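*Asks:* Residue numbers (numbering that gives the first Met the number 0), protein chains in the order written: chain A, 0 to 151; chain B, 0 to 151.
You may find that some hints are simply not true.
In this list, chains with the same sequence are indistinguishable; a pair is considered to hold if it fits within one copy or across any two.
[Claimed, not checked] Straight line, CA to CA, 25 Å or less: simulated SDA-like cross-link-like pairs of lysine to any residue: (1) Lys144 to Pro128; (2) Lys144 to Arg34; (3) Lys108 to Gln37; (4) Lys108 to Glu138; (5) Lys108 to His126; (6) Lys108 to Ile38.
No wet-lab data here; the hints were simulated from the structure.
Nothing here was measured: the structure is a model prediction, and the numbers come from that model.
2 protein chains.
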Amino acid sequence: MSPPFPLPAPMRRALDLASAAECAGEVPVGAVVTRDGQIVGEGENRNRRDCDPTAHAEIVAMRAAAARLGDFRLTGCDLWVTLEPCPMCAGAISHARIARLFYGASDAKGGAIEQGPRLFTQPQCLHRPEVYGGIGETEASTLLKDFFAARR
Amino acid sequence: MSPPFPLPAPMRRALDLASAAECAGEVPVGAVVTRDGQIVGEGENRNRRDCDPTAHAEIVAMRAAAARLGDFRLTGCDLWVTLEPCPMCAGAISHARIARLFYGASDAKGGAIEQGPRLFTQPQCLHRPEVYGGIGETEASTLLKDFFAARR
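The shape of chain A in the complex, shown without the other chains:
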């Protein structure tokens, strides 16, 4: 089912990055960081290629944006990612002071935003972004389902 509005361009780009990850044999998740509507960092899952347990799309995108902007805090930046972030990525989003988080598919097994530890609702959490889920959800979850179905 098509959404009732065109996908925002950053999520379109994140979905394309997720497809690129799939072609490289990685779990298909993509992410971009924007500031004032412009992309300042992007990433796709690179765990296997980079031999890096932390190389989720969100981490790769935030590291790229921070390096480009020359600041370890991404204050005023937004993160767009095709899958609900895990605890590692949710923690990094908070450390980076991301203003708004837009994500696609929910992740009942690994998500940490609306599932499991719900990290941004923890009293300890020092910075909570605004959160908007379900953007590009159908395409994002289809990519993931097809990926895991092909490997079963």
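Dock chain B against chain A, hints included.
*Replies:* Chain B only, in chain A's frame:
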């Protein structure tokens, strides 16, 4: 108060890395990854130097170890860190399949192991290391207290 046994060498090294971070103006936390008793990766906080919101000591050490070992999973490896890991680092520890986590000082404000979300106790958590806290705690917490006192 001195501990009733000599500090294990990997925690001694992690404390030295924490001191090095402090000299560089970073929050003094250090970490090392060992396999079969040998150090295969080390790290200290590098957020400011590297303009990287994810560059906590644990992440730096695990990325270094994974690159060196050529595997995104650090199965059978141990992580030694001077401070209780935050949610980001606890999530990365789980992704990396770290076998045993040894840490120094507890972190009431930011820790995610015995405080706050207690990530390894969450039903979602796919891999839980064995956890040993309080190792080198006095020296680790003194480093941190002195660092923050000097900046107030």
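*Asks:* Now tell me, hint by hint, if it's right for this structure.
*Replies:* A quick look at each hint next to the structure:
1. Lys144 to Pro128: Neither. Shortest intra-copy (28 Å) and inter-copy (29 Å) distances fail the 25 Å Cα cut-off.
2. Lys144 to Arg34: neither (31 Å within a copy, 35 Å between copies)
3. Lys108 to Gln37: neither (32 Å within a copy, 34 Å between copies)
4. Lys108 to Glu138: within (19 Å within a copy, 38 Å between copies)
5. Lys108 to His126: Classified as both; 24 Å inside a copy, 13 Å across copies.
6. Lys108 to Ile38: neither (29 Å within a copy, 33 Å between copies)
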